[in-house]
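**Student:** Respectively, the protein sequence lines represent chains R and C.
Numbered according to numbering that gives the first Met the number 0, the first sequence terminates at residue 342, and the numbering increases by one at each position without gaps.
Numbered according to numbering that gives the first Met the number 0, the second sequence terminates at residue 512, and the numbering increases by one at each position without gaps.
Worth flagging that the hints you see were computed from the coordinates, not collected in a lab.
Every value quoted in this text rests on a predicted model; they were computed, and no experiment measured them.
Hints are not guaranteed to be accurate.
To be verified - Interface residues of chain C toward chain R, partial, derived using beta-carbon atoms under 8 angstroms:
1. Ala59
2. Met140
3. Asn144
4. Gly189
5. Pro273
6. Gly274
7. Gly328
8. Gly340
9. Asp415
10. Asn416
11. Ala419
12. Met465
13. Pro473
We put the beta carbon where it would ideally sit given N, CA and C, even for glycine.
Read off the chains here:
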Amino acid sequence: MDRMIKHMAVIGVLVVLSGLIMGGRAALGADASEEFFRGKTVDWIVALEAGSTTDLIARTIAPFLAKELNVKIKIENRKTDEGINYLYNQGTKDGLTLGIKDSDSIIGNDIAKAPGVQYETEKLNFIADVYPSTKIFLISPKLPYKTLDALKKAKGLRAGGTSAKGSLAVTCAVMIEVLGLDAKIITGFKGSKELTLATARGEVDFMIPRDTTAMRNEKDGYAVSLLALGNKRSAVLPNVPTVPELGIKVSKEVATAYKFVTSGGLTVVLPPGVPEARVEHLRKVFQRLNNNLELQKAMAKMTGVWLPFVPGQDVQQEMAAIKADKALATKLDALFKKYSVVR
Amino acid sequence: MLESLEAFVQGFLNYADLFRFGFLMLGVLVGIFIGVVPALGGIVAMSLLLPLVFGMDKIAALSMLVAIHAISGTGDNITSILMGLPGSGPAAITLLDGFPMTRKGEPGKALGAMMCADTMGALLGVGLAFVMIPIVRPLVMSFGNSELFFLILMGLSFLAILSKESPVKGLMAGFTGIILSLVGLQHSTGVDRFAFGKDFLLGGLDIVPVILGLFAGAEMFQMAVFKETIVPGGVVKAGKELRRQFFAGVKEVFQHKWLWFRSCVLGYVMGLIPGIGSEVAVWVSYGQAKQTSKHPELFGTGCIEGIIAPESTNNAKEGASLLTTLCLGLPSGVAMAILLGALLLQGVIPGPSILTTDLELTFTLIWGLALANIIGAVLCFYIIGYLNLTWLTTLPPRVLVPTILSVVYLGSYTTDNQIAAIGVTIVFSIIGLVMKRGGYSRAAMVLGFILGRFFEGYFFLALQTMGPLFFLRPASLGIIVIIISLYIYRPIQSFMQRRRGRSALEEIAGEEP
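Isolated chain C (complex conformation):
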């Protein structure tokens, strides 16, 4: 215990070295810069810098990569909130409430809440790492294919509630998303579905061209057709007003501390388990926030809780993923796999033995993740608050539409270096526009699209590896109970309120002479 505490403190003190801190800062700057370009993201930057790691100072090199990964998501969220331009699955969910807030003239509040939830999520991740190290292995081992299947099921159960007005329309959009997720080679059987002999469809539709089309492409088409700007001139306040909004957003996170804490814990647990990407975790988080909210009807219209929940989840998840990668040698995604490669190039073998051989490095990197978030938030605050980036949202459509569409198509192309990806974005831009005008939830479609393939895959594996009674495992039963609780919570709450109201009325009636 004393050794762990020492490593925990030393991990932080390692950043007192200016050289190492400098590389962490460099990672933050690269992360912000690269994050704002859709689909370019931290993974590209990390891949490009990987060969340079060999021969560099271990902590400096790895901290730089961790910082790039941590901050590129924040950069991505900025364009998502301000321009409706998401570059990844998690950023698409921040857009759902962040972009409507910008249109309402509250971009600062959305950005403040996003950055505060991000930073505090990462800080909680540091604290939890200290507690979780002894139990991370048994926890990961207790989550098999059956439990992963039920977690995905929990996510899918939010399909109907994602639609603002009509649950039926939400389900229709969600199931369309599920069908779209089936395009390509089925992994278990090797059978191709809906690929029509097209090479680029065999690998399935990539998430980035789809969300760029559904959200950014559709918005731009609408602006072009109806000659709208993102925000009508004058509504967006710059300078002092924007900074005031920013702090109001920060305050909102503290006012919703239980939602923040619940989302962080959810993200942390999901981050520990390899196999669940950020895309899945943030949607489950958004769903639970909406399901337990006092005003679920406001989600999707610019509701601050719709930003706090997924952002807290996303960053708490990153801390947990880093812990699993380091302590179990099992990366949970592409970025963590690249980091694993960097560790190997530095002669560090990730895995359980790291807890005895390199515990200090483990804590150093986890602190690096948190520090990068703090520095990133301060820098972003400066960039947005003092450089008045929000003026971009008032640009006329004749300037904005071609510029953003160029970036969107470039982002689509770079996901897989295929022209066909641009075609996918254009098709989904039209689908997105039709869905928006018709009141069909694009969020539900994305949720179905992201979770559909996981749902099928984990169901097949659970059935094959554990047999038809796979749901009887204790951890699976626990998740089933949580799913049921989420759905009976509201009816029970309203029943209790009604009962309380009735007894109060009876009391009043009894007191009357």
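Isolated chain R (complex conformation):
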């Protein structure tokens, strides 16, 4: 009995010691990471042009992040896929090169095998989703149909997108299928501003932007919000009903595609190969920023509403699940080809 007690005591001491060692290591790792960043310069690659929403959000967050990390931040704008390619291939593996881009473009271009894509999404380290917004189905004010039922009866509707197979166009393709509309997608608009103007003029009948854009477009009389994608109402447009609230059933065939177009926001990423402790440290830093009232105020001014950053681990899991679904790319491609004016 005594021997047993002795064994138990030894085991207990060992457990406590190993716990202390592990905890100490973790604490040391966190401290080491904090120390590593102090006084250094972080390159933040914005995978879109200066002045874009992505760029403006990065520039809004940058001074707060710099203070929290004790670093200097240098923002560098690069063309969309080229930006993530650069981060993936040439970004330093020490945590000092960050990237920012909307997650549905990162994963969408990867699974669609868009020309020039040189990265594998699941190998990127996602730090946070800094703009987890909702997509809104916007219709032209020139359109005679004002309800979803009337829209379903209409013939030859025109949806607008920017680049072929880009996230705006793919979202339209999926929603045309989900809502059972008689519509085609016209791609080639230079950006969301040009698309907004086309919607306002009645050159296209609907577009599906994120809620901040939708809110401004509606306020300025350029478009009318019809429904919110996903299961949760938008924080920016709380009066707009969601797809399930309107009694729309999403069929099993398009369920994964629908889930894909309703997920994601604007993600901060690190290249592969960055030490785990630094990835975790950066994730924690972004979560700490959630409590910064000044940042909340600045983000609310920039985007219309403050939405807390989503933890990087959640985004990582979501991206991995999308990438693992081998049938999704084929489905999205088939839907785009079905409704696009270009085949």
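Add chain C to chain R, keeping to what the hints say.
**Tutor:** For chain C alone, coordinates are given in the frame of chain R:
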């Protein structure tokens, strides 16, 4: 109306506050400094300063950004005229006649005309803003993809006339430019063209490395090969003579007041419409100036009208773009998009509601644009006229060529932070040199290059959104009439002159006994 007038006056009076005026001045100084470095430009400075805007005085912060944007173009034009070193599309067109004027020993005249046209264009922009506010929205809404397509077509129709001697050579150069504009991913279809699997070509060729190569690179190669200076020693007059030239250039703008006014209105209308960048507007303006000139053969050889037209257009356009950004919330370019971000950070939501909530701010910024131009012109006059910057043009090639080429390659690199951009500049330097020696118009190539992609894109969108009869829209028909008028103007004018001459002869013959 009374409220608008009050906001208009108050907008100006806001600069009586020394703090705000100081930030406007700071913006002007940063703009001049940053503008002279190719490709660095106002956009870089505005992006860097954007985070500082948060928490600053609204008018001071926004005026500083507006001033940087307004003046960086002037700084860019100075190097373009003096050294043949353009840092952007609009500066490339000022070079076409500005640089030959420098080589002829008239840099002051070119600079004077450029700055006067710039400033007066901006001032007209202020006046027009007051008139245009009520109609800006309907005007923008009436310009769809079809109208944009015909505006681009108008620009492309000037391809043949841009060549000094041979229209065929002009067309050849122009179509080469159009083909080059097709490099990269086609936006509507997602198909890559002429990219040869190269990552940096997928996004298309950037305008800055191309023009730096075609103009600055080619000139430097030529100087290196033929051991030339920009201006043979002694031809460039400094001091008093330079200042006299400057005022002569200013006077030229008043002597060409109708060209100035026409170019300003053209720029203003094009500036109001999102989707048309400065690059497009200035080339259309240059084309119309050449097409309606009494001596079109002088364009490209140092013709003052070739400076007045694009410069007036460019600055009148800036006032209009600012108005569209503020009143419609629709930025027409990268600089305006950054300004839009700054407005949002200041808690100002641009859009139609600004006319009721922040009309005073709207006029303040438009006045800021004009004041920045006036201050910028005075400062530039001082810098050029009293610091004798023109001595740079007499430097021997062994000093000038490596220095300028270093700046050119640095400018290319900074456009996209890619080494490949330097390669593009070197290739286009060789192409530019060959074109120059062979008498092929580099301007026509740039025009084709800038407009080619717009032409394809707007044609596709007009066809898809409006169907094959898209050209029957009233505004489209109006532009078609303008294009036709531009081309029949000269034959009709010469026909009328011939007829008048004949009847005068007949009268003389009739009077003879």
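**Student:** State for each hint whether it applies.
**Tutor:** Evaluation of the provided hints:
1. Ala59: violated (17 angstroms)
2. Met140: It holds, given that the least Cβ distance between Met140 of chain C and chain R is near 6 angstroms, below 8 angstroms.
3. Asn144: holds (6 angstroms)
4. Gly189: holds (3 angstroms)
5. Pro273: holds (6 angstroms)
6. Gly274: holds (6 angstroms)
7. Gly328: holds (6 angstroms)
8. Gly340: holds (4 angstroms)
9. Asp415: Nearest chain R Cβ about 7 angstroms off; hint holds.
10. Asn416: holds (6 angstroms)
11. Ala419: Not OK, violated: Ala419 of chain C not within 8 angstroms of chain R, min 11 angstroms.
12. Met465: This hint holds: Met465 of chain C lies near chain R, its Cβ roughly 7 angstroms from the closest one there, short of 8 angstroms.
13. Pro473: The hint is violated - Pro473 of chain C has no Cβ within 8 angstroms of chain R, the shortest such distance being about 14 angstroms.
Checked against the numbered hints given earlier, the structure breaks hints 1, 11, 13 and satisfies all the rest.
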